[in-house]
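Trainee: Generate coordinates for the entire structure from the input sequences, incorporating the hints supplied.
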Amino acid sequence: MSAAAHVYEPRGAGRAVETLAAWTLGLLWVLPLLYAVWTAFHAAEFSTRFVPTAPLTLENFAKAWNAAPFARYFLNTVILVTMVLAAQLVLVTLAAYAFARYRFPGENVLFALVLVQLMIMPDVLIVENYRTMTALGIKDTILAIGLPYMASAFGIFLLRQTFKTVPRELDEAARVEGCSSLQTLWKVYVPLARPTYLAFALVSVSYHWNNFLWPLIITESVESRPVTVGLQVFASTDQGIDWSIITAATLLTTGPLLVAFLLFQRQFVQSFMRAGIK
Amino acid sequence: MNRATQWVHAWLLLLPAAALLALFTHYPAVANLWHSFFSTPKGARPAVFVGLDNYRNLVEDPIFWKAFTNNLWYALGTIPTSIVLAVAMAVWVNDRLPGRGFLRLAFFTPTVLPMIAVANIWLFFFTPEYGLLEQFTGALGFSSHNWLGSKETALPALMVVTIWKEAGFFMIFYLAALQSMSPHLAEAASIEGASRWYFFRRVTLPLLMPTTLFVLVNAVINAFRLVDHIVVMTRGGPDSATTLLLYYVYEIGFRFWDSAYAAALTMVLLVILALVALVQFFFLDRKVHYQ
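Line by line, the protein sequences give chains A and B. If you count by this note's numbering, then the first sequence holds residues 1 to 278, one letter each, in order. If you count by this note's numbering, then the second sequence holds residues 1001 to 1291, one letter each, in order.
Treat the hints with care, since some could be wrong.
Only pairs whose alpha carbons sit at most 35 angstroms apart, straight line, appear in this in silico DSBU-like list of lysine-lysine [as the list claims (entries may be wrong)]:
#1 B:Lys1042 <-> B:Lys1066
#2 B:Lys1066 <-> A:Lys139
#3 B:Lys1042 <-> A:Lys139
#4 A:Lys164 <-> A:Lys63
#5 A:Lys139 <-> A:Lys164
#6 B:Lys1151 <-> B:Lys1066
In case anyone wonders, no lab produced these hints; they're calculated from the structure.
Mentor: Here it is, written out as structure tokens:
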């Protein structure tokens, strides 16, 4: 933290007012989540009655878990997220290296074409991508969910910026010792870009864990549905009759991500910060 | 290494990413334009060239115009509020107020949760009679109101969810910008006797300009890209009051299976996103960098 914060930190009455405002906003912000937690951990008769002595129960979670194949949905999401991230890391590294350290004809045009994806994301190209997946015969597979996202313009851009900061001398030293281009990339660039990789990985994992519309469209069976779609199928077939169970299912599906977030809060926040600074 | 080999190396490095980008970003954008000039194939009847028919339908489709204006109101209703809240959050988290760890957690948590899960929680929140909101307004003596079920309040209710979800995300970028500001600025300003508010208005805010524009572009894209909560909370209703453009594309394309009309609708989205890109390229990237 810089000294700037000290000089203009609020003092006296101003500090009290600002603290109050910040806390009010903070409480408002967690309220819906606390409410969901309350409902999920109490029997249905207490779901809207806030009696502090109401007995806690895990029954809603048990009912939700047994009512739909959530284990399978989780497995699908984990496969999806891992597959997308692995493919992204390889593709993005190679492409970013080319843009950062090579001069070649068509460089600028190609880079502009990559950046197009920052604006026109696969999220809006659902009609045509559905057609493509059908033509390729891979509709309703986990591969089809991940494929449009594997070449990430965001990742290429982020990593290219990082690679450009690697001192030329290190690159040249590696070459003098007889490293090929790919070996230099692996031994010099990749290790130095670790924080960027972490940032990108966290952003990618949370994006694909949370993604919904495209998986909803391209999947139609339990074997390929990720948790987000599974949750929606579960919640809509039950038609909102038992809120306690639906809320429990909601917490269940977000649980792993939420726990990971709470454990690695600092890294998450710093990664998102890093990803935001071009 | 001679130049030709270098070129070949570079192209080979780019090939895998370029192929996937071409197949799932560039090709679909172009194919979408092409298919918007044809009819939807039905059963044995193949697609035939219909020229601008789909666009003619679009211009005459009141639901399209409803979705279009809804989307503009939605953007207008969510973006400025999210940004103002994000700046406030960032300043407070940066200021070492008591409990800033809790504050940062409270503001940022909605960002990491899936929109679909968040929408389920808010759906319950807005439920008539049982929901928390109703309990609260009921306790204050207001009569019951179906927030998501009436035309006037459904879209604003969805905006609240979006603001709640996005403000913390934008906060992160402002926080990063605040933390990278030079401490000398504050020292100099305080020696000159500037007040906290004056310093914020005259120094901090202008220095946050590049961040604001970055956030603005992202917020506009999100306003046209993210409709998960609509699928869960309102399905575009009541009476199309919450139909946004992408949700309408989804409805036409995957519930009515009219892919040709969906392609024409997608073109509208692509044009809007292209405009955002052009504005960013010609205006923002050039004018707003202080470094």
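Trainee: Does each hint fit the structure? Answer for all of them.
Mentor: These are the hints, each one checked on the structure:
1. B:Lys1042 <-> B:Lys1066: Status holds; Cα separation ~27 angstroms.
2. B:Lys1066 <-> A:Lys139: 32 angstroms, holds
3. B:Lys1042 <-> A:Lys139: At roughly 20 angstroms apart (the allowed maximum being 35 angstroms), Lys139 of chain A and Lys1042 of chain B satisfy the hint.
4. A:Lys164 <-> A:Lys63: Not satisfied, since the Cα-Cα distance of roughly 53 angstroms exceeds 35 angstroms.
5. A:Lys139 <-> A:Lys164: Roughly 39 angstroms separates the two Cα atoms, so the pair is violated.
6. B:Lys1151 <-> B:Lys1066: Cα-Cα ~12 angstroms, so holds.
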